[in-house]
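So the sequence lines, in the order shown, correspond to chains A and B.
So in the UniProt record's numbering, the last spot in the first sequence is 428, and the numbers never skip.
So in the UniProt record's numbering, the last spot in the second sequence is 428, and the numbers never skip.
If you're looking for bench data, these hints aren't it; they were derived computationally from the structure.
Treat the hints loosely; a few may be bogus.
Any copy will do: because identical chains look the same in the list, a pair fits if it lies in one copy or spans two.
BS3-like, lysine-lysine: derived pairs with alpha carbons at most 27 Å apart [as the list claims (entries may be wrong)]: (1) Lys134 to Lys152; (2) Lys78 to Lys241; (3) Lys96 to Lys152; (4) Lys374 to Lys78.
Number of protein chains: 2
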Amino acid sequence: MNTNAANSETQGVPRVVIVGAGFGGLSAAKALGNKEVQVTVLDRENHHLFQPLLYQVATAGLSPANIAQPVRAILRSKENIEILMADVTGFDVEKKLVLAGERSFPYDHLIVATGARHSYFGHPEWEQYAPGLKTLDDALGIRRRLLMAFEKAEAEKDPVERERLMTFVIVGAGPTGVEMAGAISEIARETMLRDFHHIDPSEARVILLDAADRVLQAFDPKLSEQAQGQLRNLKVDVRLKVSVQDVNESGVATANGFIHARTVIWAAGNAASPLMKSLPGTLDRAGRIQITSELNLPDHPEIYVIGDTANCAGKDGKPLPGVSPVAMQQGKWVAKNILARIKGEAAKPFSYWDRGSMATIGRNRAVADLHFVKFSGLPAWLTWVFVHLIFLMNMSSRVSVFLIWVWSYFTRAQGARLITSVGQAKKG
Amino acid sequence: MNTNAANSETQGVPRVVIVGAGFGGLSAAKALGNKEVQVTVLDRENHHLFQPLLYQVATAGLSPANIAQPVRAILRSKENIEILMADVTGFDVEKKLVLAGERSFPYDHLIVATGARHSYFGHPEWEQYAPGLKTLDDALGIRRRLLMAFEKAEAEKDPVERERLMTFVIVGAGPTGVEMAGAISEIARETMLRDFHHIDPSEARVILLDAADRVLQAFDPKLSEQAQGQLRNLKVDVRLKVSVQDVNESGVATANGFIHARTVIWAAGNAASPLMKSLPGTLDRAGRIQITSELNLPDHPEIYVIGDTANCAGKDGKPLPGVSPVAMQQGKWVAKNILARIKGEAAKPFSYWDRGSMATIGRNRAVADLHFVKFSGLPAWLTWVFVHLIFLMNMSSRVSVFLIWVWSYFTRAQGARLITSVGQAKKG
Numbered sequence: 001m002n003t004n005a006a007n008s009e010t011q012g013v014p015r016v017v018i019v020g021a022g023f024g025g026l027s028a029a030k031a032l033g034n035k036e037v038q039v040t041v042l043d044r045e046n047h048h049l050f051q052p053l054l055y056q057v058a059t060a061g062l063s064p065a066n067i068a069q070p071v072r073a074i075l076r077s078k079e080n081i082e083i084l085m086a087d088v089t090g091f092d093v094e095k096k097l098v099l100a101g102e103r104s105f106p107y108d109h110l111i112v113a114t115g116a117r118h119s120y121f122g123h124p125e126w127e128q129y130a131p132g133l134k135t136l137d138d139a140l141g142i143r144r145r146l147l148m149a150f151e152k153a154e155a156e157k158d159p160v161e162r163e164r165l166m167t168f169v170i171v172g173a174g175p176t177g178v179e180m181a182g183a184i185s186e187i188a189r190e191t192m193l194r195d196f197h198h199i200d201p202s203e204a205r206v207i208l209l210d211a212a213d214r215v216l217q218a219f220d221p222k223l224s225e226q227a228q229g230q231l232r233n234l235k236v237d238v239r240l241k242v243s244v245q246d247v248n249e250s251g252v253a254t255a256n257g258f259i260h261a262r263t264v265i266w267a268a269g270n271a272a273s274p275l276m277k278s279l280p281g282t283l284d285r286a287g288r289i290q291i292t293s294e295l296n297l298p299d300h301p302e303i304y305v306i307g308d309t310a311n312c313a314g315k316d317g318k319p320l321p322g323v324s325p326v327a328m329q330q331g332k333w334v335a336k337n338i339l340a341r342i343k344g345e346a347a348k349p350f351s352y353w354d355r356g357s358m359a360t361i362g363r364n365r366a367v368a369d370l371h372f373v374k375f376s377g378l379p380a381w382l383t384w385v386f387v388h389l390i391f392l393m394n395m396s397s398r399v400s401v402f403l404i405w406v407w408s409y410f411t412r413a414q415g416a417r418l419i420t421s422v423g424q425a426k427k428g
Numbered sequence: 001m002n003t004n005a006a007n008s009e010t011q012g013v014p015r016v017v018i019v020g021a022g023f024g025g026l027s028a029a030k031a032l033g034n035k036e037v038q039v040t041v042l043d044r045e046n047h048h049l050f051q052p053l054l055y056q057v058a059t060a061g062l063s064p065a066n067i068a069q070p071v072r073a074i075l076r077s078k079e080n081i082e083i084l085m086a087d088v089t090g091f092d093v094e095k096k097l098v099l100a101g102e103r104s105f106p107y108d109h110l111i112v113a114t115g116a117r118h119s120y121f122g123h124p125e126w127e128q129y130a131p132g133l134k135t136l137d138d139a140l141g142i143r144r145r146l147l148m149a150f151e152k153a154e155a156e157k158d159p160v161e162r163e164r165l166m167t168f169v170i171v172g173a174g175p176t177g178v179e180m181a182g183a184i185s186e187i188a189r190e191t192m193l194r195d196f197h198h199i200d201p202s203e204a205r206v207i208l209l210d211a212a213d214r215v216l217q218a219f220d221p222k223l224s225e226q227a228q229g230q231l232r233n234l235k236v237d238v239r240l241k242v243s244v245q246d247v248n249e250s251g252v253a254t255a256n257g258f259i260h261a262r263t264v265i266w267a268a269g270n271a272a273s274p275l276m277k278s279l280p281g282t283l284d285r286a287g288r289i290q291i292t293s294e295l296n297l298p299d300h301p302e303i304y305v306i307g308d309t310a311n312c313a314g315k316d317g318k319p320l321p322g323v324s325p326v327a328m329q330q331g332k333w334v335a336k337n338i339l340a341r342i343k344g345e346a347a348k349p350f351s352y353w354d355r356g357s358m359a360t361i362g363r364n365r366a367v368a369d370l371h372f373v374k375f376s377g378l379p380a381w382l383t384w385v386f387v388h389l390i391f392l393m394n395m396s397s398r399v400s401v402f403l404i405w406v407w408s409y410f411t412r413a414q415g416a417r418l419i420t421s422v423g424q425a426k427k428g
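Looking at chain A on its own, in the form it has when it is part of the complex:
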């Protein structure tokens, strides 16, 4: 095992290692930039991903480069931060080391922000038939499946098989599931409408399943109802109180019967990164580790865990939701607490400022809950576009996303409708 040389260059300056360059890790890194600490950011990928728009890559509206940016480019101006690609495999909390295969990275303060993957409720074998949407490679794989389903249907003569190819099931009616269902229905009914000779893409069936009794469970029931109405307008077949019993290459088995479909997308359930198991602490059912109100581990105040991997109690005692504003506010807060403790001051308890939540359901449709006001339809959609543009602008030169959106809003073109081999190579 070799200890990374970089960290031993500056003796005496406290070393902070951040694992994960998602919303949480990146906001911590920014807040520690050009401060009296030496920071190492480790990530498996070289890019930060704007996950809320990942469904647009999966549905061919945007290219990977429109929603992702090299971590190096984002943190370029921070002289005290080094960025290394590394697949972190565990921690040695006694020796204060982050382990990545044969490499190890010593820390004085550790920030773990490794996010979550999909959870298949104890059925990992479902993943090959029903991929989930967390990374750029996931999105490109799903895009390939969606587009190939139409291509295969065009070449298929058996009407039964053709119908199965043109049936798309989305499991889970949270924001991702609702966004995917709306976008797929729109592609079929608008973008692809005149592209084929033997099939009518508008006959595609998009089925959205959830075990709950309404879509967007985290939202106000009134907004759930409005979202369901908007999905119905987009011809999405919403089926509630339906629990999935099996997923295989023919489709989805539910208590109400078998749904034949060649394309199934998983948008139900998250599980925290399995790295949590190598940290000392208590895990909840979703695999998240219990943290203190100062965002660190009870027995290891030098280890902070934030974002989707952390079980952090909110004001009501319930765990905070796994959304980007929580991760970003926690990242900033952890940076403050680390700098305070270096100065000998006490760490302060975190409290989350919830500005509300939004979900979009295709062009012109969305729901928004800003607490003081709840609304839906075009005003909600414009708010959604505005908020996401602000975010993307902050990521720097993302002007082109805006232009692509404006362009495709008026032309209804879907610029990124390319099938590349990534999905095939990875998921077979």
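Using the hints provided, position chain B relative to the given structure of chain A.
What follows is chain B alone, placed relative to chain A:
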């Protein structure tokens, strides 16, 4: 074996099958659009690729969606053209069938435009160490290798290994090799300059090898000399009269010694698609099939072969070069000949109108040979940009490429610097 149903729908109308949706196949399809023929376009991919800009995807300047477009979208307005994804495996010229695995497609007139792949001069085992650049997946794979080389160098402590990681060898100094060498050198010296902590990307060595005594052999010697000067300004190490003896994971063996390099890119030599072997005719050394001046096979006038797969004599008796203008003009001509023969008229001999050639060597640098005038530097570069923009505009909504170029020209940002798994999954 099942014969495709689509083709039997309209009896009596002549059936044209086009294999390949590159420059040649697409220009034939456009010219046959809404004419009294029924056309089927077969391609392995769902997109047409603007290959002259592929090196920009490989060097992270553009995204795949900027230089490629779904074939369906391009030919949408042609009511008589169906497009099917199919991996053509051979031909039954007696029964007049195109074979694709278990499927077959009957034709009255056949246009074969399957292009070329790289040729490793009888050493296919070199490909894994020195990938070539023909498809989007090739480009994403090379991009991954380039970016990963810098990432690995940043984490490497051994100075010898670090130098090998930062050495890039391009084999072949034709237009693609020259463009790649210039672009890699520019990325290292400009885009990435401030991105790393432990390495100085401007110390990257870019070595361009060729067995010939000058770069851009197809150009006027004066332009070759100017291109060499421009490459030197970009700090590209041009080594001529060097023939490659072996390529392995450590680098490239030449008669003048071994060059240690972790990244080698192949831009030397083309071989026509191996499908030519299943057509009746004479193949040349590059695997191209001999065609008549009417662009068809001597013994099978109903089979036309165009573009990089065809050996078509020019005015000087030498075979026409494998460039897009040849393929496009031939595609249009074949369409005319087919329509003429359907009317009972004779096919006419093709002649190529050579408007000249250009190659670009990074920002502001290029060489252009328009026959009546030869020039280089900024004027040549602006001509290059102008010509390529016209092409892209024709491909329809490619406005965003122009905006991305303008943006990155002034900011020197490289928007698409993302590492996705495609290259890894495919080439290991």
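Against the structure, the hints:
In this assembly of identical chains, the alpha carbons of Lys134 and Lys152 lie at most 27 Å apart whether taken from the same copy (26 Å) or from different copies (25 Å). In this assembly of identical chains, the alpha carbons of Lys78 and Lys241 never lie at most 27 Å apart, being 50 Å within a copy and 46 Å across copies at closest. In this homomeric assembly, Lys96 and Lys152 come within 27 Å of each other (Cα to Cα) only across copies, at 24 Å, whereas the closest approach inside a single copy is 53 Å. When the C-alpha separation of Lys374 and Lys78 is checked against a cutoff of 27 Å, the pair qualifies neither within a copy, at 40 Å, nor between copies, at 47 Å.
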